[in-house]
Amino acid sequence: MRPFVYERAEEARSAVAAVADRPDAMYLGGGTNLVDLMRLGVAEPARLVDVSRLPYDTVGVRPDGALRIGAAVRNSDLAAHPAVRRAHPLLAQALLAGASGQVRNMATVGGNLLQRTRCAYFQDITKPCNKRNPGSGCPAREGDHRNLAIIGHSEACVATHPSDMAVALAALDAVVHLEGRDGPRTLPLTELYRLPGDDPRRDTVLDPADLITEVTVPALSFGGRSHYRKVRDRASFAFAVVSVAAALDVAGGVVRDCRIAFGAIAPVPWRARRAEEALRGAPATEDAFAAAARAELGQARPLRDNAFKVPLARNLLVRTLTELVVA
Amino acid sequence: MDGTNLPETATITLDVNGVDHEITVDTRSSLLDVLREHLDLIGAKKGCDHGQCGACTVLVDGRRINACLQLAVALHGSSITTVEGLADGDGLHPIQRAFIEHDAFQCGYCTPGQLCSAVGVLAEAAAGWPSVVTQDLSATPALDGDEIRERMSGNLCRCGAYVNIVAAIGEVAE
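Chains A and B are the protein sequences, given in the same order.
Residues in the first sequence are numbered consecutively from 1, following the working numbering.
Residues in the second sequence are numbered consecutively from 1001, following the working numbering.
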């Protein structure tokens, strides 16, 4: 591992200043992904600015029911928070479906959002990878891509975003609060991430000095009728093969409103707006749910070995919505 | 030092098993390496060194973490409990007694991590934390077999002592 200077940030502005003029500086949160990437030689910062002890470590509920989640809140604390469990069960379930108890105790909300893909080629510095080494090529296209993207990927990169939490937050219209070179600003979570196109280096639209300070989740009247369902290759402590976050508002057998996002099928947490559009006003039936899934997944362009993810995502959505009707 | 490969160091204080230490560490050192190489506490094991096996599990301020993924320098001022600190003198911690009674290990390599993780699981359950297999998120979950298996999934055992590990933790949870 390359030697690095460690400094603990005392407040957000000084943290931003510490990173802003140093291309080789990075923020450190819980370190569960970054420390591993440094050990693998994928990340080689010369300076770490530790933001894990900044005073963004609480979860609050605003009078309108919106959640304010500090970026330094640990994943386990957010999952256990009573307001999250009561009003946004899909968010609690997504957090609890991620990683292990030990990792959840370390991982921060901000770090979870900015974790890198677990594509095996990205994590192996002896292999080409356009995300890690632009222009070197993408061995995953012809190699091991069973668990990589079916939608939103490009010729240059077929990696998936690994977060479970971000999938639930994408469905919930979460807003990311940032401190940057020019002061504070906000960004809808779905606009935080970018598709790879011909420049897969950057996963997000953020400047390296942008610091996530908080995530807000607006109240959702039917948030209590929601679920996060994750398919993985073993029962626990594994990244998703496909996941879905869904909230459903049904009255008189008709879908009044819904929120849907897929995980592990795309380079970003994939908000399924076409499926939502197809469902609003439709009967709350399996046929309508399947039609909504087709409306979204019709855009899919699976690779040689991951076409199974298309019916898997469809079936996962249909089953999740069907169970939410009964719930 | 930018541009060179000389190590960077920092001096931190840690309370480890009730004893204060002031230690100068390479900023790259994991908590696991500091415990094993500087403090001679070799209970926590280096299995995968990637946070995937749990053999390095210790408690930081009462919460279980993977010591291999934790930079020691970031823990300045923290309290650490390792497997060496679980017992009260000669009196074993109830989870240690239960592991012996239930034959919950074979080679023993993963056991320090299993024990510290189990202590963390018991505290998390006592605090009412749910898991992904908890059916009713509004209720306080009971630590049945499914809950224990899910909550201990960050600790691997190549000998396959899982059945007895679950039984040992279940007994202490009652």
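Calculated directly from the structure, the hints in this document are not laboratory data.
Some hints could be false.
Stated by the list, open to error - Per the computed footprint, the stretches of chain A lying under chain B, defined by three or more beta-carbons under 8 Å from a beta-carbon of chain B, are:
| id | segment |
| --- | --- |
| 1 | 20-34 |
| 2 | 73-80 |
| 3 | 90-101 |
| 4 | 208-214 |
| 5 | 244-251 |
Quantities reported herein were computed from a predicted structural model and do not represent experimental measurements.
Where is the CB? At the ideal position from N, CA and C, for every residue including glycine.
Would you say the segment 208-214 of chain A counts as covered by chain B, given the rule of at least 3 residues with C-beta under 8 Å? violated (count 0)
(request) Report holds or violated for chain B covering the segment 244-251 of chain A, Cβ cut-off 8 Å, minimum 3 residues. (result) With 0 residues close enough to chain B, the hint is violated.
With a cut-off of 8 Å between beta carbons, are at least three residues of the segment 73-80 of chain A near chain B?
holds (count 3)
Would you say the segment 20-34 of chain A counts as covered by chain B, given the rule of at least 3 residues with C-beta under 8 Å?
The restraint on the segment 20-34 of chain A holds, since 4 of its residues have a Cβ under 8 Å from chain B and three suffice.
| message | Tell me whether the statement that chain B covers the segment 90-101 of chain A is true, taking a Cβ distance below 8 Å and needing three residues at minimum. | response | This one holds; 7 residues, not fewer than the three required, reach chain B with a Cβ under 8 Å.
Checked against the numbered hints listed earlier, the structure breaks hints 4 and 5; every other hint is satisfied.
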